[in-house]
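**Q** Below, each chain spelled out in residue letters.
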Amino acid sequence: MYDMIGWAKDLFPIPRSLTGDGVRETFKYLQTINPEITIYSYSTGTQVFDWEIPREWRISDAWIEHLPTGQRFAEFSDCNLHVLGYSLPMEAEMDRAELLPNIYTQPDQPDLVPYVTSYYKDRWGFCMSHIAKDALPEGPYRVHIDSALFDGELLVGDALIQGETERELMFSSYICHPSMANNELSGPVVLSALLKFIKDCIPQPKFSYRFILVPETIGSLAYMSRNLEQMQEHVACAFNLSCVGDERAYSHVQSRYGDTIADIALQSALIGKENVKTYSFLERGSDERQYGAPGVDLPLCGFCRSKYGEYPEYHTDADNFDVVTQQGLDGAFQVMTTIIKAFELGLYPTVAVKGEPQLGKRGLYPTISQKGSYSAIRARMDVLAYSDGSNSLFDIANRISVPLDIVLEEVEVMLAHGLITVSDTATGE
Amino acid sequence: MYDMIGWAKDLFPIPRSLTGDGVRETFKYLQTINPEITIYSYSTGTQVFDWEIPREWRISDAWIEHLPTGQRFAEFSDCNLHVLGYSLPMEAEMDRAELLPNIYTQPDQPDLVPYVTSYYKDRWGFCMSHIAKDALPEGPYRVHIDSALFDGELLVGDALIQGETERELMFSSYICHPSMANNELSGPVVLSALLKFIKDCIPQPKFSYRFILVPETIGSLAYMSRNLEQMQEHVACAFNLSCVGDERAYSHVQSRYGDTIADIALQSALIGKENVKTYSFLERGSDERQYGAPGVDLPLCGFCRSKYGEYPEYHTDADNFDVVTQQGLDGAFQVMTTIIKAFELGLYPTVAVKGEPQLGKRGLYPTISQKGSYSAIRARMDVLAYSDGSNSLFDIANRISVPLDIVLEEVEVMLAHGLITVSDTATGE
Amino acid sequence: MYDMIGWAKDLFPIPRSLTGDGVRETFKYLQTINPEITIYSYSTGTQVFDWEIPREWRISDAWIEHLPTGQRFAEFSDCNLHVLGYSLPMEAEMDRAELLPNIYTQPDQPDLVPYVTSYYKDRWGFCMSHIAKDALPEGPYRVHIDSALFDGELLVGDALIQGETERELMFSSYICHPSMANNELSGPVVLSALLKFIKDCIPQPKFSYRFILVPETIGSLAYMSRNLEQMQEHVACAFNLSCVGDERAYSHVQSRYGDTIADIALQSALIGKENVKTYSFLERGSDERQYGAPGVDLPLCGFCRSKYGEYPEYHTDADNFDVVTQQGLDGAFQVMTTIIKAFELGLYPTVAVKGEPQLGKRGLYPTISQKGSYSAIRARMDVLAYSDGSNSLFDIANRISVPLDIVLEEVEVMLAHGLITVSDTATGE
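Protein chains in written order, with our numbering: chain L, 212 to 640; chain U, 212 to 640; chain Y, 212 to 640.
Some hints here could point you the wrong way.
Copies of one chain are not kept apart here, so a pair can be met inside one copy or by any two copies together.
Heads up, simulated DSBU-like pairs for lysine-lysine below, C-alpha to C-alpha not over 30 Å straight-line [as the list claims (entries may be wrong)]: (1) K332 x K572; (2) K220 x K582; (3) K582 x K488; (4) K582 x K344; (5) K332 x K565.
The hints are simulated quantities; they were obtained by calculation from the structure and are not laboratory data.
Build the full structure now, drawing on both the sequences and the hints.
**A** Written out as structure tokens, the structure is:
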């Protein structure tokens, strides 16, 4: 429906980090898709809860030159993962032994360049494939890192869409990862598509919507340091979107107790998908850590296709467009829009008659009764049976093990025949 | 205890349907066993909740005659399943090609005559074994269905026994199936035996009892359309009896949430039985659909031996007295009477002393203490341990995995020794 | 930490029973370790709940003499299990056939002398290995049991340590078993070590402590007959200690509903131990039967290494110091002291900041972020994540599957950094 893969490919080369020009450029691009995105600045040194906004990092170029031959290694211009995230500037000649401790590799994936950062401790360094590191000839070398760490700003963005009620659906993702496709361009592009979808397809939304784009951890904390009370008051259901672009799995990272409406909604929307994985909060590792922390307690869970840390290309230069596809992004988009549609439809259906309705006279039931004739309309009967006002659409889908989108279709049919009513809140039982 | 198999054999040949003379004749027979049964009439066209009472169906005879040979097929007089339930009258000559679409078969059981109905859409038709249909020679044929559909009445019956309290145990079954033994003569004959048992064996019942005999679906809806408020107020525990006559299994079809006292009671009464099957409400298919619908919400579950749809003879002419036996019926009767006895005994036992009672001085405990001597009276000790006023007899049986009838025996011994008291309501914890 | 095995070996030869000089001598020895132990006397015939204090039993000597040869069998002076517990005195000559019915054996363990008692019915008898019984030559025999049953007293002991609050941790064990090591010298010696530990290591305890030493069943009932109301008011968490001396397992005998804080605490303290066994209340057999009875309802569960009845030497003369070791006793001691430390630390931690704290700046988090760097401090992050005021230290350990002692260490670190506060009661969620 939206050219998410095109957006992701446009954004791919930009060298993003917690801060810096790459983030500015990324926001500028995303605002061409959704001009509603507003940018907020936090100055270096600002306290956000227990943390402090770090210095801004500017990275322009970096390489290692083998002086005897002039051959260059780990060139930033080839791949922006080659420089350690938040690396100090460095300009020096040194021999191989001095150089090696500053080269980071992933020995268990020896042909890949790992993504490594040192945001909160001063270091300089490069990232290389383990094979390339081992093959480095004897020196001497010239090391060149044209970076700068200075008092500047950290940027976060949001977009708010006002609905009939103050109750919000919230989606959050990242704009801090350099050139990796699933983690993390998939998140911001699916989020951008969702934002556009609301505007395009739900002209008068019942719910309000909050879309957040931040650098991981420090960004969500910064955002919440200004907005937490409002969020705690209004957010009805929230998702952290990360690694939502491949085709291999659908993953649910549960909230702290696995019992929020976000958990229940996501579970229901994943019924019938291939390779659904449910991870407990003990396996968290994304901003559900902040949004779900004690004292924050937003009704949020994490949504991924293949979860961060669980696919082989994660945090390496292999996380590219062999991993992320339009079909993969569409799968994630469809799951989130189905949940949005359920909220907009009215969450709690109640059957309007006592006993089963006579579906046959409405053409909704087989007119011949023979062994097996009932199973054909089993989902329809089960949606009706649990439409007692106490179950949300998500609860019903989970209880009867029918995908949420099918439940929505059945409820729409029943609504059209006046057989059920819907309410935004639980009414029965 | 009661000649249920004899009653069932007497009733077998009567051609029952939703309405008609077969139902009248069936009620007349059942009233000879229990004169308390009262019949209520609902006129064609009467609205009952979302449904309307259908026309009455009279069926006198039906056959297909092969004109060249005079051979007759699908004769109603041989087997009343041969005519499509609620078939329109038909008197015509036609060739084989015209006839075939009006012949219903069960291709996966090619030698059996299936039971098929078309209550709510006008059709004419016959039911035959798939083999017999295939073997029909070229025509022409004469089709004869001497039936009538006309404004008449639908009949339901009930029997009420007044106990000390208004709280009711309720049992419901069907009088609408033609010649099939398990589904459904087993239900009405076990129900009749239970009604007789109350009168014969519980002269002053604590609970009131409601027995209901109806045509499936429309009958229970009709009955509830007049009695629902009273039922919702009084019914404490209810069972829908269907297919309770074979010896192959004991089946529990759970209520909508599987948590009513009927569910808990039935579960406890089935402990230790061979081949116990528990089906969720998602596998319902009998009048638990109506009694358990949202807005009705009676504390009812379904009880079967082999559940409808789960045994090979279901809804065919093979559902006969090879399937249903006195022993099968007795098994169902025993389960229901054990539950009745528990209600009548007083549901919530409370131990009358602090700490364990000294059973030894009452001859209720081994006097030699050696390895293993405790296990012999384990059930007794466990009944006592959970007699804390918070657990019903059913809860206790389920918790300690001891059949309800054994729990009843132990409680009776303890009552006789003054070691426990019983209450109709939960008192402790 | 304490020479529990030495204490047990000192106590081993004493012939204990429900009553008698062996109990007096045992208490005297235990008072040398903990002079706080106070002894209470209950006279024969005193009613305690549903029971009556039995006569006192004095046993001085017993043997069977084969008159033709003068050979003696089943000599009390060899092993005090040889005489049936509470045996009547006997002085008679008889032939083999008359003797045999009074000899108790354990046929499935033919080479062991079983422990058998007949407390509440008058009998005389001996216990022998099945092999030895079978080998008894033809008589005549002289039977000599120098015992006496007379109106006397039954003794129980307790020790109370007053803490800041009236809320108590309670530990109970037995002083009624003759020469068997695991069942039951392990219980009283671990209990004695715990009592000593409180005095030695927790000079100003927050909680009060109650230690109880009783003969099984009748003793706990006697003790409660005088103290139940106070116990019900004050006891916050209690353990029955029995068979806590071998090295083969850690066993948890659950309370009636398996949901007391004692259950939750014990479960958490056993995480990560080898061969942890959880038994439901249905498998009880020690004084959890009395302390956990309806109307008593103390928050108590049973704690064992290898549970009574579950190890081959149980209730035989093979239950000796091949079974019980200092290491086995230490394992039990460590589990109980970890639970005590958790209560004394403050049970409910609450994180003091919103969002995750910045552990890196405190040296509590890796400063390099690369694939896998998070898992190293997973337990720390998980303790923080569930420190929301609603979870006890036990709940947290159970939820994150980390042993209680590790959770305590992490909480102590966090306390030291001011990152959490602790409370004695649940405050959040």
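**Q** Would you mind marking each hint as holding or not holding in the structure?
**A** Hints versus structure:
1. K332 x K572: Between copies, since 9 Å is at most 30 Å while 72 Å is not.
2. K220 x K582: Classified as between: cross-chain Cα gap 24 Å, same-chain 55 Å, threshold 30 Å.
3. K582 x K488: between (37 Å within a copy, 20 Å between copies)
4. K582 x K344: Intra 70 Å, inter 18 Å, cutoff 30 Å: inter-copy only.
5. K332 x K565: between (67 Å within a copy, 23 Å between copies)
Taken one by one, the earlier hints all hold for this structure without exception.
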